[in-house]
Amino acid sequence: MSVEVKQLGVSIADKRIVQNVDLHIGDGERVGLIGSSGSGKSMISKAMFGLLPTNAQISGSVMLGDTQIIGADETVLASLRGRYVGAVFQNPASSLNPVLAVGKQIELPLKLHYDLDKADRQARVAAMLEKVGLDETTAQKYPSELSGGQQQRVGIATALITSPRLIIADEPTTALDSITQRQIVDLLVSLVDKAGASMLFITHDFSVLARATTRCYVLDNGQIIEFGDTSDLLNNPQNGQTKKLVGAARELTLQRKRDSDD
Amino acid sequence: MTERQTLLTGRGISRVFGKGKERQTALDGVDVEVCAGECLALIGGSGSGKSTLMRILLGLDQPTSGTVTFEGEPVDGKKSAGYQALRRESSLVFQSPFTSLDPRWTVVKSVSEPLEIQRKRHSKTDGLDIGQKVREALSLVGLNPDEFLNRYPADLSGGQAQRVAIARALVTDPKLIVADEPMSAIDVAARLQILEAFAAIRKSRPETAIIMISHDLGVVQHIADRIVVLHDGKVVESGSTDDVLNRPKAAYTRELVEAASL
Chain W
1 MSVEVKQLGV
11 SIADKRIVQN
21 VDLHIGDGER
31 VGLIGSSGSG
41 KSMISKAMFG
51 LLPTNAQISG
61 SVMLGDTQII
71 GADETVLASL
81 RGRYVGAVFQ
91 NPASSLNPVL
101 AVGKQIELPL
111 KLHYDLDKAD
121 RQARVAAMLE
131 KVGLDETTAQ
141 KYPSELSGGQ
151 QQRVGIATAL
161 ITSPRLIIAD
171 EPTTALDSIT
181 QRQIVDLLVS
191 LVDKAGASML
201 FITHDFSVLA
211 RATTRCYVLD
221 NGQIIEFGDT
231 SDLLNNPQNG
241 QTKKLVGAAR
251 ELTLQRKRDS
261 DD
Chain R
1 MTERQTLLTG
11 RGISRVFGKG
21 KERQTALDGV
31 DVEVCAGECL
41 ALIGGSGSGK
51 STLMRILLGL
61 DQPTSGTVTF
71 EGEPVDGKKS
81 AGYQALRRES
91 SLVFQSPFTS
101 LDPRWTVVKS
111 VSEPLEIQRK
121 RHSKTDGLDI
131 GQKVREALSL
141 VGLNPDEFLN
151 RYPADLSGGQ
161 AQRVAIARAL
171 VTDPKLIVAD
181 EPMSAIDVAA
191 RLQILEAFAA
201 IRKSRPETAI
211 IMISHDLGVV
221 QHIADRIVVL
231 HDGKVVESGS
241 TDDVLNRPKA
251 AYTRELVEAA
261 SL
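Chains as they are written, first to last, in the numbering used here: chain W, 1 to 262; chain R, 1 to 262.
Misleading hints may appear alongside valid ones.
Across the chosen pairs, the derived CB separations fall in these ranges [to be verified]:
1. W/144 <-> R/173: 37 to 47 Å
2. W/15 <-> R/104: 17 to 27 Å
3. W/231 <-> R/147: 33 to 43 Å
4. W/136 <-> R/206: 52 to 62 Å
5. R/119 <-> W/37: 49 to 59 Å
6. W/122 <-> R/109: 52 to 62 Å
7. R/204 <-> W/136: 52 to 62 Å
Facing chain R, according to a computed beta carbon distance under 10 Å, are these residues of chain W, among others [what the hints assert, rightly or not]:
8. 174
9. 236
10. 237
11. 238
12. 249
In silico BS3-like cross-links for lysine-lysine, where the CA-CA straight-line distance does not exceed 27 Å [as the list claims (entries may be wrong)]:
13. R/120 <-> R/109
14. W/194 <-> W/118
15. W/111 <-> W/46
16. R/78 <-> R/19
17. R/234 <-> R/21
18. R/234 <-> R/249
19. R/21 <-> W/141
20. R/19 <-> W/141
21. R/203 <-> W/244
Quick caveat, the hints were computed from the structure, so don't treat them as lab data.
All residues carry an ideal CB built from backbone N, CA and C; glycine is no exception.
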């Protein structure tokens, strides 16, 4: 599903949080949104879900496919969320329900959006668990019994079970260690590509950006300051603020000596 | 290996949680040692035992077997000489500055509190100009005292708040600073400033030892002299930063290094 954001502006109590944002995601495209804390990244993802705070003044347009999200009726939004638009959040420990078995959480969106019998739903949950690399016994477990990486796999399974056409992943790897980070990014990319869905990947980490996206937008102080191919942007940033961010990311990426490369 | 004095030693540290079927070995025969003036990085993924080891080394938890000594004195229960000295001579920096700083306290109150406590309990701070020490500590971490002394945590960015937490940790001139994932909650650009703050501490307090607990090799490459890699409760590798990052021996370290490189 394509996304077309035009001149999006969000203000809360007369404070401008996001302004003049234009952003395009083509059908089946993986696009990144990067910026430091407080730059307005999460506000843009909330706008796509129609989840902006009720006291926010909103201007501009957010089209998901043919549907206008800004000002849309709650029933329209409810039929999109979890069905055509899936979300993967930063902290799986707080986004999963701690008192619901994993299999039941993954099944829930199916129950809400599809007319399937129980056996059919459970078969789909089992197939989904396998796709995200968890064994079938995981369905009976509770989130607290899983590692952070396993929890995020459950988060991905829950987001993808309804075959959504757009995945919004808001810092899905920030809470994970580097090995697990890479596994989760690679898993998300392969599943999104196989499904032919589009993805908005929000992060402040340039090293995962290159693996997760082909194009990206840089946000600073609520405005898009640069956009383009992810590799161009990482190798040849134009804007001063982008240069600063990319420079910091390079500095903090492990520099290995040549002789250890093979 | 060094003529520097050994500050903190853990020998054969094991920690088992639970009994019977629930029995879990969090640490299994870990040897670790930190010398005065050294920066040691404790590296490992989630669940590797890093935090358990930290708690034991600080005397906050008792090992199932093994011993901890601080300046040659055993750290064995709250009455022990080693524990008392360790409490006096060590400070901690936590992952999230906004949960470790009191939101109702100004910067000057948070940073001077450890000195006020010392003044009450010990004679160490007799005649000491606390205001001056606080200004020095803030300057050292790159925060202008005139600008920051009277701010509240809510008026600080994540990177600034973490540097206030670091100033608070170093204001008592401790022999040991333990930092538990001090950068993982901070965005990339601000991480560099935190690294600079630690570098400044190392320069101005050459006798202070730092233990940095992290899963991020990109961060520790800039600051650590030595690295201990923990995996499933065991030390799988330890050595100089150069050796561990450029010539990793253990399969797990190789995987970590691989995942952290672009």
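Now the hints, each set against the structure:
no.	hint	in the structure
1	W/144 <-> R/173: 37 to 47 Å	holds, 41 Å
2	W/15 <-> R/104: 17 to 27 Å	holds, 23 Å
3	W/231 <-> R/147: 33 to 43 Å	holds, 39 Å
4	W/136 <-> R/206: 52 to 62 Å	holds, 57 Å
5	R/119 <-> W/37: 49 to 59 Å	violated, 36 Å
6	W/122 <-> R/109: 52 to 62 Å	holds, 57 Å
7	R/204 <-> W/136: 52 to 62 Å	holds, 57 Å
8	174	holds, 8 Å
9	236	violated, 15 Å
10	237	violated, 13 Å
11	238	violated, 17 Å
12	249	holds, 5 Å
13	R/120 <-> R/109	holds, 16 Å
14	W/194 <-> W/118	holds, 26 Å
15	W/111 <-> W/46	holds, 24 Å
16	R/78 <-> R/19	holds, 25 Å
17	R/234 <-> R/21	holds, 21 Å
18	R/234 <-> R/249	holds, 15 Å
19	R/21 <-> W/141	holds, 17 Å
20	R/19 <-> W/141	holds, 21 Å
21	R/203 <-> W/244	holds, 25 Å
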